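Q: The residues making up each chain are set out below.
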Amino acid sequence: MTLHQEIFALVASVSLLLIILGLVRKRKIKEEYSWLWILISITILTLILWYDSLLFITCLIGAETPLTTLFLFGFLFLILVNIHYSVKISKFTDQVKKISQKIGLLTKEVEDFKRNKEKDK
Amino acid sequence: MDTKDALLIIPAYNESKAIGKIIIEIKNQLPGLDILVVDDGSSDETKKYAQQAGAMVVSLPINLGYGAALQTGYKYAQVKKYDYLLQMDADGQHEPKYLKDLLEAIKTKKADIIIGSRFLSKVKYHPSLIRRLGMIFFAKLTTSIIKQKITDPTSGFQAMNRRILNFFTDDFYPSDYPDADVIIYLHRAGFRIKEMPVVMYPASNKKSIHSGFKPLYYIFKMFLSILMIFLRKRPYKKGE
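Chains as they are written, first to last, in the numbering used here: chain U, 51 to 171; chain Y, 100 to 339.
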C-alpha cells in the first residue's frame, strides 16, 4: 500500500468511527445499532495500523494487494450490517403487527364498555 | 341450527360499498350468528357501514394485510371463547348461502378445518390464466405433499374449530396471504383437513384484498414458506 492509500484509509476509518460515536453520543443512533459500525471502523483501523496483520490476511485469502483486503472486509461488513437490519426489521414488523392487533382489540373493548355504560344509565 | 357458539370473521379493507349488503344477507340467512368485521386500516367508511348493518367491528390502526387481519379475528374469538369459527372475504366473492353448510360440516364431520372449494362446485369459476395456473399448481403441490386431495388451497372461505384457533393465533401465521403453506403446516401439526364445495364469484371490486400482488413474488414466497415448514421443527399436535 502506498503512503497515500494508507493515509486515506486511516482518515476514512477514523472519520467513520468519530461520526458513529458522535451520533451515539447525541442519541441519534442507539448503542445496540452502533456496535457493528464501531466494530467495522476499529477493524479497518487495526488492519491499517498493524500492517503485518493486513499482509498476513491478504496472503491468507489470496488477495492481490492489501488494498483489496481492506475493500473486501469493508464489503463483507456492509453485508453483515444489512443482514442485521433485515433481522431487526422482521422483528419490528412482527411487533408492529402485534401492537396494532392489540390496539384494535382493546379499542373494541373500550367502545363496548362505553356503550354498555351508557345503556345502564 | 345453533349459531351461538360460532363467530364469522370478515377481514375488510376499503369495502364500504360491499360490506353492508353482505352482512345484511348473512343476517337474513343465519340470524343468530355473531359477525366480526376486522377493518384492516381502511380509509373509507367500512367500519361505519359494517356497524350499521349489525356487525361487530375491530378496527386496526394501520393496514396490516389480509392474514394479520384474519389473525386479529382469531385472537378475538380465542378471548371470547367461541367454539367454531367461520371466515369469508368482504368483497362479495363468497356466496353467503354456504356459510350454513360450512358451519354444519365443522360441527358434524370429523375435521378440524373445512375449506370451501370453488373447484368442487358445479358452478364454474373463471379466474385469469395466470391465477388459474398458480392455483392448479399449488393445489397439486399441496395434494402431493400431504397425500390428500386438496383442490383449492387459496380459498379464504373456511370453517374451523377451537383447536385450530389456538394454532392460528401463533406467530407463524403469515401476515399477507395464508395459502398452501398453512394447509401443509396444519397437516404436519396433525389437524384433520376437509374440503367441501362452495360457490365463488369473481371479485366485484377490482381492488380486492386478493388481487394486486405480483404473481412471481407470490410463487417464490410460497415455495420458500413450504420449504421452511420442512426445515423447522414439527409443530405441536392438534393445538394442545
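Any given hint might turn out to be false.
Stated by the list, open to error - Among the chain Y residues that face chain U by a calculated CB cut under 7 Å, a handful are:
#1 V157
#2 S158
#3 P160
#4 T171
Unchecked claim - Using 25 Å as the maximum straight-line C-alpha spacing, the simulated BS3-like pairs for lysine-lysine come out as follows:
#5 K138/U - K320/Y
#6 K332/Y - K148/U
#7 K158/U - K248/Y
#8 K138/U - K146/Y
#9 K171/U - K158/U
#10 K116/Y - K148/U
#11 K103/Y - K164/U
#12 K174/Y - K164/U
#13 K152/U - K206/Y
#14 K167/U - K103/Y
#15 K332/Y - K167/U
#16 K146/Y - K167/U
These are computed hints drawn from the structure, not numbers from a lab. Computed from a predicted model, the values in this text were never measured in an experiment. Idealized CB from N, CA, C, for every residue including glycine.
Q: Now, for every hint given, state plainly whether the structure supports it.
A: Against the structure, the hints come out as follows:
| no. | hint | result |
| --- | --- | --- |
| 1 | V157 | holds, 5 Å |
| 2 | S158 | holds, 6 Å |
| 3 | P160 | holds, 5 Å |
| 4 | T171 | holds, 5 Å |
| 5 | K138/U - K320/Y | holds, 20 Å |
| 6 | K332/Y - K148/U | holds, 23 Å |
| 7 | K158/U - K248/Y | violated, 40 Å |
| 8 | K138/U - K146/Y | violated, 33 Å |
| 9 | K171/U - K158/U | holds, 20 Å |
| 10 | K116/Y - K148/U | violated, 28 Å |
| 11 | K103/Y - K164/U | holds, 24 Å |
| 12 | K174/Y - K164/U | holds, 22 Å |
| 13 | K152/U - K206/Y | violated, 30 Å |
| 14 | K167/U - K103/Y | holds, 24 Å |
| 15 | K332/Y - K167/U | violated, 48 Å |
| 16 | K146/Y - K167/U | holds, 21 Å |
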